[in-house]
Amino acid sequence: MNAASADEGVDGTQAGSPTTMVLTEDEALELLAYLVTAARTQLDEAAEYGPLRLLTAAQRLAGYITPRVSPETRALLEGPIQHVPQTATRSADPDGYAASLDTVCRVLAEHLVARYGIDRGAR
Amino acid sequence: MSRDALEVIRTRRTVRAMTSEPVPRDQLERILDAAAHAPSAGNRRLQRFVVIDDAATLRVLRMVSPGMLQRPAAAVVICVDVARAMEYGFSATSSGLFIDVGTAAQTILLAAHALDLGSGPVTSFSKAAVSAVLNLPARWSPEMIVCLGHAAATQPSPVGPHRRRTWRDLTHWGRLDSNANTAASS
Numbered sequence: 056m057n058a059a060s061a062d063e064g065v066d067g068t069q070a071g072s073p074t075t076m077v078l079t080e081d082e083a084l085e086l087l088a089y090l091v092t093a094a095r096t097q098l099d100e101a102a103e104y105g106p107l108r109l110l111t112a113a114q115r116l117a118g119y120i121t122p123r124v125s126p127e128t129r130a131l132l133e134g135p136i137q138h139v140p141q142t143a144t145r146s147a148d149p150d151g152y153a154a155s156l157d158t159v160c161r162v163l164a165e166h167l168v169a170r171y172g173i174d175r176g177a178r
Numbered sequence: 083m084s085r086d087a088l089e090v091i092r093t094r095r096t097v098r099a100m101t102s103e104p105v106p107r108d109q110l111e112r113i114l115d116a117a118a119h120a121p122s123a124g125n126r127r128l129q130r131f132v133v134i135d136d137a138a139t140l141r142v143l144r145m146v147s148p149g150m151l152q153r154p155a156a157a158v159v160i161c162v163d164v165a166r167a168m169e170y171g172f173s174a175t176s177s178g179l180f181i182d183v184g185t186a187a188q189t190i191l192l193a194a195h196a197l198d199l200g201s202g203p204v205t206s207f208s209k210a211a212v213s214a215v216l217n218l219p220a221r222w223s224p225e226m227i228v229c230l231g232h233a234a235a236t237q238p239s240p241v242g243p244h245r246r247r248t249w250r251d252l253t254h255w256g257r258l259d260s261n262a263n264t265a266a267s268s
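From first to last, the protein sequence lines stand for chains R and V. The opening position of the first sequence corresponds to residue 56 in the numbering used here, with each subsequent residue numbered one higher. The opening position of the second sequence corresponds to residue 83 in the numbering used here, with each subsequent residue numbered one higher.
Check the hints yourself; a few may be wrong.
Per the computed footprint, the stretches of chain R lying under chain V, defined by three or more beta-carbons under 8 Å from a beta-carbon of chain V, are [claimed, not checked]:
1) 132-142
2) 161-173
Some chain V residues near chain R, calculated using beta-carbon distances under 8 Å [said to hold, decoys possible]:
3) Phe-131
4) Pro-148
5) Ser-206
6) Asn-263
For the record, the hints were derived by calculation from the structure and aren't laboratory data. Values in this document were obtained by computation on a predicted structure and should not be read as measured data. Here a beta-carbon is modelled for each residue, glycine too, at the ideal position from N, C-alpha and C.
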């Protein structure tokens, strides 16, 4: 997988940006296996585990790429994304859980806005 | 047990973070001996245990087990011998088969705790993938994985509602009256 750029082409390659491997094959396989098997297990387990599994996947991805990303992205990965406990579920605190996910989404969006410069005018 | 049984029951917790310290073979064997003494309907013993304690297989097992947050030093995969169960007249989905998985699992969890080991049950895994990873015979169905290892100093918070329910919260004494029925269904 390659580091992102605002100038991503249709084939996913970067225009005018150095490409950097951010996942090893083993890391990518581990994440892929997690996602595929989680899709199956979700058919049988409590629906509230869905967000939990997705967040765990996001946290594992964050753990893999943190050493190899920009300082700004690193701050995001080491911050709010890791702050939602791996064992948190909606039933314990429905409003608080939604609020914590909203916080993560908001901070993520703010990072994307800054990274891709869309706060500096329309392209 | 080397500790008071009720104390072991009351102090057991699911361990979701483990160190890389291995679990000695003799401790695994003591745990499995305990599991063989778990209650089993009709004393049929339809559960089979597959022990994994090599790092490579554990790593792959974890890859296909989304519920396995910990990195265990060993794991016991509790399987049901479905073909043998059907020979007794059970259907493959008979609840009794899974109740016996539960009694075996709880016995393993308590035995591990009595030996000062951490443990954690995992049911969120792909049965198809685990069967392939472990090369299980088609007649065996993996139903639960019990992770074993030494507890790390820091643990994730428990899953779900954090209020501990007492036995009084969970128990009705005697026949339920109408009010209790209404409360129970709400």
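Each hint tested on the structure:
1. Evaluation of the coverage hint for the segment 132-142 of chain R: fulfilled, as 3 residues show C-beta separations to chain V shorter than 8 Å, against a requirement of three.
2. Chain V is given as covering the segment 161-173 of chain R, and this is violated because 0 residues of the stretch bring a CB closer than 8 Å to a CB of that chain, at least three being needed.
3. Violation of the interface hint for V/Phe-131 is found here, the shortest Cβ-Cβ separation to chain R being roughly 21 Å, above the 8 Å cut-off.
4. Residue-level restraint check for V/Pro-148 holds (minimum Cβ-Cβ distance to chain R is 4 Å; threshold 8 Å).
5. Below 8 Å, beta-carbon pairs count as interface contacts, and V/Ser-206 has one with chain R at about 5 Å; its hint therefore holds.
6. Taking 8 Å as the C-beta contact cut-off toward chain R, the hint placing V/Asn-263 at the interface is violated, the least distance being around 24 Å.
Of the hints listed earlier, those the structure fails to meet are numbers 2, 3, 6, in rising order.
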